[in-house]
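Enquirer: One-letter residues, chain by chain:
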Amino acid sequence: MPIKTMREALGEAMSEEMRRDANVFLMGEEVAQYNGAYKVSKGMLDEFGPRRVWDAPISEGGFAGLGVGAAMVGLRPIIEMMTWNFGIQAFDQIINHAAKMYYMSGGQFNVPMVLRGPNGAAHMLSAQHSQTVEHMLATVPGLKVISVGTPYDAKGLLKSAIRDDNPVIFLESEMMYADKGEVPDEEYLIPIGQADIKRPGKDVTLIAWNKTLSKTLAAADELMKEGVDCEVIDLLTIQPMDEKTIFESVRKTHRLVVVEEAWPFASVGSEIALRVMNNLFDELDAPVVRVSNDFTSIPYAEHLEHAVMFSKEKIIKAVKEVTYLHN
Amino acid sequence: MPIKTMREALGEAMSEEMRRDANVFLMGEEVAQYNGAYKVSKGMLDEFGPRRVWDAPISEGGFAGLGVGAAMVGLRPIIEMMTWNFGIQAFDQIINHAAKMYYMSGGQFNVPMVLRGPNGAAHMLSAQHSQTVEHMLATVPGLKVISVGTPYDAKGLLKSAIRDDNPVIFLESEMMYADKGEVPDEEYLIPIGQADIKRPGKDVTLIAWNKTLSKTLAAADELMKEGVDCEVIDLLTIQPMDEKTIFESVRKTHRLVVVEEAWPFASVGSEIALRVMNNLFDELDAPVVRVSNDFTSIPYAEHLEHAVMFSKEKIIKAVKEVTYLHN
Amino acid sequence: MAAAKKPTLSKELLVQMYKDMLFWRRFEERVNQAYMKQKFSGFCHLYIGQEALGVGVQANLTPTDYMISAYRSHTQAIGKGISPDAVFAELFGKVDGCARGKGGSMHMFSKEKRFLGGHGIVGGQVPIAAGVGFAIRYRDENDICVCYLGDAAANQGQFFEALNMAATWKLPVLFIIENNRYGMGTDIRRTTSVDKLYKRALAFDMPHSEVDGLHAISVYEHTQKVIAQIRKDKMPHLMEAHTYRFRGHSVSDPGTYRTKEEVKTYQDKDCIKVMGDYLMKHELATEKNLVEWDKKVREDVKKSEDFAEKSPIPNVEEAWMHNYI
Amino acid sequence: MAAAKKPTLSKELLVQMYKDMLFWRRFEERVNQAYMKQKFSGFCHLYIGQEALGVGVQANLTPTDYMISAYRSHTQAIGKGISPDAVFAELFGKVDGCARGKGGSMHMFSKEKRFLGGHGIVGGQVPIAAGVGFAIRYRDENDICVCYLGDAAANQGQFFEALNMAATWKLPVLFIIENNRYGMGTDIRRTTSVDKLYKRALAFDMPHSEVDGLHAISVYEHTQKVIAQIRKDKMPHLMEAHTYRFRGHSVSDPGTYRTKEEVKTYQDKDCIKVMGDYLMKHELATEKNLVEWDKKVREDVKKSEDFAEKSPIPNVEEAWMHNYI
Ligand SMILES: Cc1ncc(C[n+]2csc(CCOP(=O)(O)OP(=O)(O)O)c2C)c(N)n1
Ligand SMILES: Cc1ncc(C[n+]2csc(CCOP(=O)(O)OP(=O)(O)O)c2C)c(N)n1
Ligand SMILES: [Mg+2]
Ligand SMILES: [Mg+2]
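Chains as they are written, first to last, in our numbering: chain A, 1 to 327; chain B, 328 to 654; chain C, 655 to 979; chain D, 980 to 1304.
Don't take every hint at face value.
Stated by the list, open to error - Now the stretches of chain D that chain B is said to cover, found in silico as 3 or more residues with beta-carbon under 8 angstroms:
| no. | stretch |
| --- | --- |
| 1 | 1078 to 1084 |
| 2 | 1100 to 1113 |
| 3 | 1134 to 1141 |
| 4 | 1297 to 1303 |
To be verified - To spell it out: a stretch of chain C is covered by chain A in this simulated footprint if at least three of its residues, at any positions, have a beta carbon under 8 angstroms from a beta carbon of chain A; those stretches are:
| no. | stretch |
| --- | --- |
| 5 | 776 to 789 |
| 6 | 809 to 819 |
| 7 | 843 to 856 |
| 8 | 965 to 979 |
Rather than coming from a laboratory, the hints here were simulated on the basis of the structure.
Cβ atoms here follow ideal geometry from the backbone N, Cα and C, with glycine treated the same way.
With the rest of the complex left out, here is chain A (with noise of 0.2 angstroms):
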């Protein structure tokens, strides 16, 4: 199968849907005369020209705005935010406004809508220009949202994402736009709302998603050596949650780890904690831990940024614990 970049698969996830559907245009900062700023849509305005692809002003909320009004009225934007970082500045017209347009006008108004952008932490850029927003949308109704760790899942989600008929929060990272992986020429889809097995083990199920796949899909290759199989389920999507998957796999392994990189209050993780509880109470043999970065902003200085990130030492210590391991 063809080897392809995470950049190169998102591309070609909005450049398929592009020649496929008139309606769908890409705008964002950077993204047409530029490439994006991170060359994810590279030859885009080559190829389909400035009535589809737009380079916007730096009004976040503003650009995230017009797309809830040119989706209400039968467009279907992809919005580029460069970061999410600055995907905050759209929040009111996020969560007050597409995520309740369909609701609020009592099934009209759908918004057909991606936002799409990395997020998380690079490398060494400080405090403002290093969040994961997953949990702050994930809790909205009306949202969906997904974050990816593979150009295969990449472009086969965000094909999905564009399709779909409701507002998608759509996340990448920096860190993974160089990333190979194998993605086939021939179109393929992926359905939203489902997680996939990365790696089948049998004795700890640990839940991962975007940056924290690889570190993950690592530290169960180590923690093999020593003799752990760890189960490793890829999100994929936030939410809705494949609930399903994820018991299923704890049914099996009775342990779980949650890898995410949020911090570590009101997460993912520990909405996924809780629901296991709630369904699976007399299944497990060990509490759920959740790895994630650390309750603090993000330093600027290497040793202080790796500090208080998750990694793949603290992944393996987790499922140490949850195996009692300890040693």
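Given chain A, work out where chains B, C and D with the ligands should sit, using these hints.
Expert: Leaving out everything else, chains B, C and D with the ligands in the frame of chain A:
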């Protein structure tokens, strides 16, 4: 002890602190000449004059940011959000600026600012006017988050919040401003970070805050008649969370129900569940159950609104679930 | 003053505008009564006093033009074609409401009539309007989008962002600031530094104008020119319309921040009275006509309330529907 | 052109401004080299080409005036009094950095010097500046707050909200749009509809002006008047300064969206060359002086880098400190 309304208690807290410290000022929409949209700041313009009580333009992001700047250079702003639904427009200033300033300046510029106002549903205001935000903000390091349910706590905690040197999010409710309770005339402070056991009990722990407190106490009274003795904890401070009081109670009752108004995804309730599980796994006799609003936008029609929101009946049902008293 | 000149507009149009204003007035009065009788609850913002503005604009629109507004928009929604029955039923939280009882007073919607709400976040509708203008341009259509906002909404960041995008990309949007001089209890002069809100457009070299919003004829004639210009040049326009609300901000606001004299000055210029006098003066209507029309309108409005009362409440399952399509 | 006239400013001041610009230039060049050698990482936005602007403004400020800026502010921070050692150490993530290694290139801070950052969210610093102006007014002090922002930041909603508050409440803030013609790779003319960004002030009847930002003398003289006015009238002012960055948006941007000719046009007007020629022409410096100063500056800058290299990294415990006071 004198009986006062919640709005009087809050007004007293602000006025006392403004008398005490010339650097404290109040700004928000309608807080001055109109005496507050919900009359919380009644009489304050008269007492303190226009230099210290400011009617703001409808620019939530702007005047929250103004508060950040003023706080950085020594003032102590109280910024009123008419409701926190509108405060979402200020999330960039709150999350990216207020919360991170002290950290990213390496401990130089702290932001002693209180952002306060009602959150949650009032009555028949539909989707855009009925949201709670505590979980979206308590997840952000650098912010303290308080949510009050009685006039006494409101006054004591608001005074502490104004004296705190960090940005503090202070959550009230339109539905409680007329609630009455005992509030001494003598000065008192309530420390931030301390939950309060509003009703001791031995069979099951209920944690509530803000509007859910009174319904939870009512449910506890009813359950007592059926022989279930509930301990009701008023969480009061959401960030930092008083784990000690929670854990001690659960160690005693071995059962926990969390009652909140948020949507049931990555909420404060899920956080509490994870922590209890992580720390008291072997102490629990039943899974933790959350009572919350349903995962839906809030509708206008009265019966629909009632159907999707937390209620006394739902609390009672949850308690029966964790005590295996299904009927 | 328009009243002095000989009519240039057709009798039909003038009478229609008068009847519309009258309908809007009686409708809101009846809504107010229903609220007072506790037939419904929540917030309720009335358009009473501002009718000339909405009616004068409305008369220039085609059915395929779009409209979006804030929460003071029961009658603007009617003007755009939503049936008064559906608006009243919405207020009563009934299933025949134009948002199936889920939106309420602040959230009137009709996809069919191209009325895009009824919004509760001050200023939030303005970038959405830019998006509608964007779609019109994208599809190379000839419609326009009218976006109403309040004077106090013109202090909102997203209003400026939307204006900038609309001007830069030549989006066919008519932004109308309904300057009723107050945002809730606050005189607009206390929250901005300009005397004229149309100056907001200067920041973007955007075409702009002001109009006396208390006279339906002035509004009609002015808006006609402006809209023709928008359709021709495909450029947005910012129009400041001076108006006044007779009642409080919402039904529960006593409005004590305004002097009785001030309110009186405006009541003396009541658009319905002015237009009635005009019609009579120019022999386009007799006093008897006016009385008859009023009677008819009151009956119609009552019928809408009756309809709303009889409409069933939504099934409880509706509460969980329409979060996702 | 300023160069033709006889100097009206003192030799001391002129020489100082020249030396400052030179220092800023060499400092950023050295920062760039260090980045290329991978001595540090993250984003790194250089001020090269824009020095005349920051230096000309700076020379008018008192130590108690406040300054706030965006991420392109290593040298503005130095101008406000932060030691170059502390700025370089910050870039290297060292404990002697002016934010203890926790802020990095985008977040220079000094409470003592009243430099309020160093901000990474485009436009976010603007309402904060209004807040500083508010505090000055609240305490009835005579200081001002200088707020730098980029041309593309002038499309941000919070920028407008801040301008409105500053104008309405008469806050002593000098808002300076550093118009270097691009926001990242986007020509500002493609994201706004006005030719002049100072027109933003027209929306608020705010005093405003524009200045050639490539000449330190013009900037100095113009800003002097503007600041005197602000201190006197306690009114804000929006100043658009035309400038140009010679390098890419950040160190990693090749800047291919600009033609070579365009860049060359501005390089020919390099503020340091222009000022050097001026000093020589008016016999305020000899060529030898210039060469010596350059040598000295290069040595000083190297010393700052050496200092930064030698400074220890913060203890790992610092990572969890300063979330709360
Ligand atoms: C963002 C936001 N902030 C505050 C409010 C509360 N609020 C509702 S209406 C209003 C006043 C708006 O005045 P104006 O824009 O002049 O419209 P008018 O009511 O006069 O028609 C305020 C402050 C809100 N709904 N949204
Ligand atoms: C709110 C926000 N949106 C986007 C970005 C990403 N970004 C950083 S700098 C920049 C361009 C800013 O240009 P300008 O304001 O002209 O300043 P200059 O870099 O030219 O000094 C962008 C889009 C950001 N940091 N913050
Ligand atoms: Mg108004
Ligand atoms: Mg620029």
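Enquirer: Which of the listed hints are broken here?
Expert: The structure breaks only hint 7.
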